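Take the sequences, apply the hints, and build the full model.
Protein chains: 2
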Amino acid sequence: MPKVRLSLAQINPTVGDISANTAEILSFCKAAAAEGTDVVVFGEMTITGYPIEDLATRESFVTRAHSAVNELAQKLVELGLGDLMVVIGHPALASPEARNGWAIAQNCASVILGGKVIGKYAKHHLPNYSVFDEYRNFVPGNELLVVERLGLKFAIVICEDIWQTGGPVAEISKHDADVTLVLNGSPFEVDKDDRRLELVRELALKHSTTTAYVNLVGGQDDLVFDGDSIVVDASGQLVGRSYQFEEDLLSVDIEDRSVSLSSAHPLVKKDDTWQIWNALVLGLRDYVKKNGFKSVVLGLSGGIDSAVCAVIAADAIGAENVYGISMPSVYSSDHSKSDAQDLAERIGCHYYTVPIEPMVESFEQELKFSGLASENLQARVRGVVLMGLSNQFGHLTLTTGNKTELAVGYSTIYGDSVGGFAPIKDVEKTLVWELAKWRNLQAESDGQIAPIPENSISKPPSAELRPGQVDQDSLPEYDVLDAILEMYVGQRASAGSIVAAGFDAETVNRIAALVDRAEWKRRQGAIGPKITGMAFGRDRRLPITNKYKE
Amino acid sequence: MPKVRLSLAQINPTVGDISANTAEILSFCKAAAAEGTDVVVFGEMTITGYPIEDLATRESFVTRAHSAVNELAQKLVELGLGDLMVVIGHPALASPEARNGWAIAQNCASVILGGKVIGKYAKHHLPNYSVFDEYRNFVPGNELLVVERLGLKFAIVICEDIWQTGGPVAEISKHDADVTLVLNGSPFEVDKDDRRLELVRELALKHSTTTAYVNLVGGQDDLVFDGDSIVVDASGQLVGRSYQFEEDLLSVDIEDRSVSLSSAHPLVKKDDTWQIWNALVLGLRDYVKKNGFKSVVLGLSGGIDSAVCAVIAADAIGAENVYGISMPSVYSSDHSKSDAQDLAERIGCHYYTVPIEPMVESFEQELKFSGLASENLQARVRGVVLMGLSNQFGHLTLTTGNKTELAVGYSTIYGDSVGGFAPIKDVEKTLVWELAKWRNLQAESDGQIAPIPENSISKPPSAELRPGQVDQDSLPEYDVLDAILEMYVGQRASAGSIVAAGFDAETVNRIAALVDRAEWKRRQGAIGPKITGMAFGRDRRLPITNKYKE
Chain A
1 MPKVRLSLAQ INPTVGDISA NTAEILSFCK AAAAEGTDVV VFGEMTITGY PIEDLATRES
61 FVTRAHSAVN ELAQKLVELG LGDLMVVIGH PALASPEARN GWAIAQNCAS VILGGKVIGK
121 YAKHHLPNYS VFDEYRNFVP GNELLVVERL GLKFAIVICE DIWQTGGPVA EISKHDADVT
181 LVLNGSPFEV DKDDRRLELV RELALKHSTT TAYVNLVGGQ DDLVFDGDSI VVDASGQLVG
241 RSYQFEEDLL SVDIEDRSVS LSSAHPLVKK DDTWQIWNAL VLGLRDYVKK NGFKSVVLGL
301 SGGIDSAVCA VIAADAIGAE NVYGISMPSV YSSDHSKSDA QDLAERIGCH YYTVPIEPMV
361 ESFEQELKFS GLASENLQAR VRGVVLMGLS NQFGHLTLTT GNKTELAVGY STIYGDSVGG
421 FAPIKDVEKT LVWELAKWRN LQAESDGQIA PIPENSISKP PSAELRPGQV DQDSLPEYDV
481 LDAILEMYVG QRASAGSIVA AGFDAETVNR IAALVDRAEW KRRQGAIGPK ITGMAFGRDR
541 RLPITNKYKE
Chain B
1001 MPKVRLSLAQ INPTVGDISA NTAEILSFCK AAAAEGTDVV VFGEMTITGY PIEDLATRES
1061 FVTRAHSAVN ELAQKLVELG LGDLMVVIGH PALASPEARN GWAIAQNCAS VILGGKVIGK
1121 YAKHHLPNYS VFDEYRNFVP GNELLVVERL GLKFAIVICE DIWQTGGPVA EISKHDADVT
1181 LVLNGSPFEV DKDDRRLELV RELALKHSTT TAYVNLVGGQ DDLVFDGDSI VVDASGQLVG
1241 RSYQFEEDLL SVDIEDRSVS LSSAHPLVKK DDTWQIWNAL VLGLRDYVKK NGFKSVVLGL
1301 SGGIDSAVCA VIAADAIGAE NVYGISMPSV YSSDHSKSDA QDLAERIGCH YYTVPIEPMV
1361 ESFEQELKFS GLASENLQAR VRGVVLMGLS NQFGHLTLTT GNKTELAVGY STIYGDSVGG
1421 FAPIKDVEKT LVWELAKWRN LQAESDGQIA PIPENSISKP PSAELRPGQV DQDSLPEYDV
1481 LDAILEMYVG QRASAGSIVA AGFDAETVNR IAALVDRAEW KRRQGAIGPK ITGMAFGRDR
1541 RLPITNKYKE
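Heads up: the sequence lines are chains A and B, in that order.
Sequential numbering of the first sequence, starting at 1, is according to this note's numbering.
Sequential numbering of the second sequence, starting at 1001, is according to this note's numbering.
FYI, nobody ran anything at the bench for these hints, they're computed from the structure.
Remember, predicted model here, so these are calculated numbers, not experimental data.
Don't take every hint at face value.
[As the list claims (entries may be wrong)] Okay, derived cross-link-like pairs now, DMTMM-like style, lysine to aspartate or glutamate, Cα gap no bigger than 20 Å in a straight line:
1) 521(A) x 1054(B)
2) 289(A) x 1516(B)
3) 547(A) x 1017(B)
4) 289(A) x 1361(B)
5) 549(A) x 1054(B)
6) 1547(B) x 366(A)
7) 1289(B) x 519(A)
8) 547(A) x 1054(B)
9) 368(A) x 1361(B)
10) 337(A) x 1366(B)
11) 1547(B) x 519(A)
12) 1549(B) x 24(A)
13) 368(A) x 1357(B)
14) 1549(B) x 17(A)
15) 1521(B) x 59(A)
16) 1337(B) x 54(A)
[Stated by the list, open to error] Some residues of chain B that are not near chain A, with every Cβ distance over 10 Å (derived):
17) 1074
18) 1136
19) 1260
20) 1263
21) 1291
22) 1329
23) 1383
24) 1392
25) 1434
A virtual CB, placed ideally from N, CA and C, is assigned to each residue, including glycine.
This is the structure we're talking about:
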């Protein structure tokens, strides 16, 4: 039996940009062919990007995307790549009798060879939990696809098909598939990587099939696809692993039952903190680039959240494209100004100071606000400044709130919450500190200046909206708060069960009430990259009007 | 065979307020029993309110709601109502083996008699399109429930079960059910009422069964349940119809095959405009009340949108609880101030003037904005004023943007878009005018002062953010714009097919691009009552990052 070279093309498509995605696919096909590849497989919905959400319910969109597959087949022949077998994900219209209400399309994988589509598979298991709405948008398929090429049988399935029992995957061994190709659009979550490898191993062993798991890479709104495509042989051995958070072409040679890596790739991944940081950087970078921005603006308060956001931004698009604005009020401490400036100097971003006192004063004179209204006023004046700079110069505004703050509503709507993207939206406060320390250590171990001022990490957090205010005036210590939130939000535990786990009842009930009450603010919040199993946004869909308290 | 009295209890539950909902259920049971009712049926999920969204994935919530059904059974006995058969909607945990990922609960109807639950039905068809996510949140049931009482067989099904083919509904005639009870949580959409009656008639005729269709009433976030419960006899004849947009108890007497109304209710509904107006009023009223507000604040520009919103608010919660704020700038025309004041005087709401020039000037001095940044600044200063008043006095802020404006992004984010509720979010501009004229005519025919100044209706719309600006400087005429939007948004048509329908290509492409580009702003917008088949929000879920242009 001849040696067959299989390549996993881990690319970064943009949702809706069918022609650019096709060009990128062709470029990877050329590169694969140039290194002698026989079969190249791309991720789920690579033609359109993923997830396409309700674009799947627009007949014209689905038709256009499906045509692009046939055009791709033609172009491959024109480029002399007719012998390269290409497996590509895309939507296609379901048969008229199979359509079901709004769902008119299927989530497909087509196999292209010799200028033609020689087989098409439609995803069977449609995830409709967490951030996914595929039962809304797609009609399930029911039949496994198996194609032969160069003496090998290739079975083809898509993503969720291997996360559930039953369906076409169960048929793989009946067809004696030598190789199973799994096309994925699997977003990053801390620790999810290990679950993927486990599932792929189980599949390979159960059906005695070499398994190639190809993921997308790149940011799409609140999701970050981390890549990390993998190949496992029929004995369950991990053979190859793509780089995380970048485009990559991973090739293996299959000869009889033996599978070997054709170019060096490390099998071991970087640690969780590295992964989280890189997810946040890629999520921001792709939001900026794919939406046509060139620069970002954000408020620098001297605190840890805005410091971490600024460094993420600098890592994502270069410090020269980051505009940090210090907006001190009468309540701002000296260190907030000096820490903000120190940060800007360390990372080399633009830095401007806009004192907000005159603007705050102009409102106060007219309206005589007090208490909360007066505190929020300061935050809102800052929001107006940032959005004005965004409108004037075309910067994307970043909002620097963390997950803990969003959970308890500890932010001013239309104030510090303004912006199109929230880089640390899914990062709880205790993890913000951890990331800051980690990033400083990374810099130091690379012989660079630690980007985040030590004082921003060590000082007690404060919104500085009234004299001497610190967060712990009204919130428990952050380690306690984050632990309660992980149970209430992350695990959907009842307040009662959190108390039963040993937390103070008054605190738990107060926090639960704060979380519930902030739902309307979260609903109007910017999107930001999901890194946990329960991010605010599409992961957690609760009514605003909701009197349940238990 | 004895005469059996059946009552349809159309009540207004609040999501999560299980004890208040139970109290309301008991009060309707008492009223029904007092008029001799034998069987009383409530709407879908009346115990918890509807929709509960991801609350369905919290085990503690579902358990609590299900216990409330047994407590209700006990309380009915304590009140001497053990002989009243009560049919009530609620969630319940699915059997452990049936649970599927996040979905652990079923959408159920229980039949209570003599202090016990004598039967339980679980909804089979789970809507997962439009605003519904029931496949995400529930496990489907598979078996029809039929119970006997006083010589009649009652079949019980839930809402979507009668909108789809197959499933338990198909079994009704096999069981010779005399009466079919359909529990619904069916939100208002213009013209939907007729589809409901049609479906109920089809069901009654097909299975030769008297059919009682009970809907909820009330606002829940962006949905308005309009009630309009109906009874159709086995020959397809409409026998009774509940009032729309209010709680109601509709009773019929069933004797052999004959069904008759036991208290007067008109069979004919009010016209569409009346329905839309009342949906908007109820949606706002319930958002205010169920979220614990007592008053609302909104900017009054002298234009038609804010005028209509103010009148809706006055109709919903009384003009004495409405605070209208005129916030003139240097570009505000004299008529904007006089029309705003005229409106406030006509409806009798509070009225204050806050000139924004000093605040705008304080930003301009510091930041020298021009063009769009300068225009948006004015809108944002107004937003800060309104939110400050909201914080200071506890008013709910209303944002007055209409559907057309939201579609093309013709609003300033964090400016005129600030607020917790958007009363006319799903009302296109041409319909705003129509509603204004209709409401004035209603007032006049009731011998009252027309609330909306004629000038606000007749003058050319303008944002007044620069000298002499009118909307049609940058947008086509509103009748053309709304027609294009109805195709592009409402019908998901491609730009190409809209041009093929006879619209100017340059205009269509520009409008489609504006709609796409405004997605990020809409995602951060306030909720507001859905009145069409395609409202912005949960009805239309599109990526922000999306380069598709066709």
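Hints, one by one, checked against the model:
no., hint, in the structure
1, 521(A) x 1054(B), "18 Å, holds"
2, 289(A) x 1516(B), "17 Å, holds"
3, 547(A) x 1017(B), "5 Å, holds"
4, 289(A) x 1361(B), "34 Å, violated"
5, 549(A) x 1054(B), "15 Å, holds"
6, 1547(B) x 366(A), "45 Å, violated"
7, 1289(B) x 519(A), "17 Å, holds"
8, 547(A) x 1054(B), "14 Å, holds"
9, 368(A) x 1361(B), "18 Å, holds"
10, 337(A) x 1366(B), "18 Å, holds"
11, 1547(B) x 519(A), "30 Å, violated"
12, 1549(B) x 24(A), "19 Å, holds"
13, 368(A) x 1357(B), "17 Å, holds"
14, 1549(B) x 17(A), "8 Å, holds"
15, 1521(B) x 59(A), "25 Å, violated"
16, 1337(B) x 54(A), "43 Å, violated"
17, 1074, "20 Å, holds"
18, 1136, "5 Å, violated"
19, 1260, "37 Å, holds"
20, 1263, "32 Å, holds"
21, 1291, "6 Å, violated"
22, 1329, "13 Å, holds"
23, 1383, "6 Å, violated"
24, 1392, "4 Å, violated"
25, 1434, "28 Å, holds"
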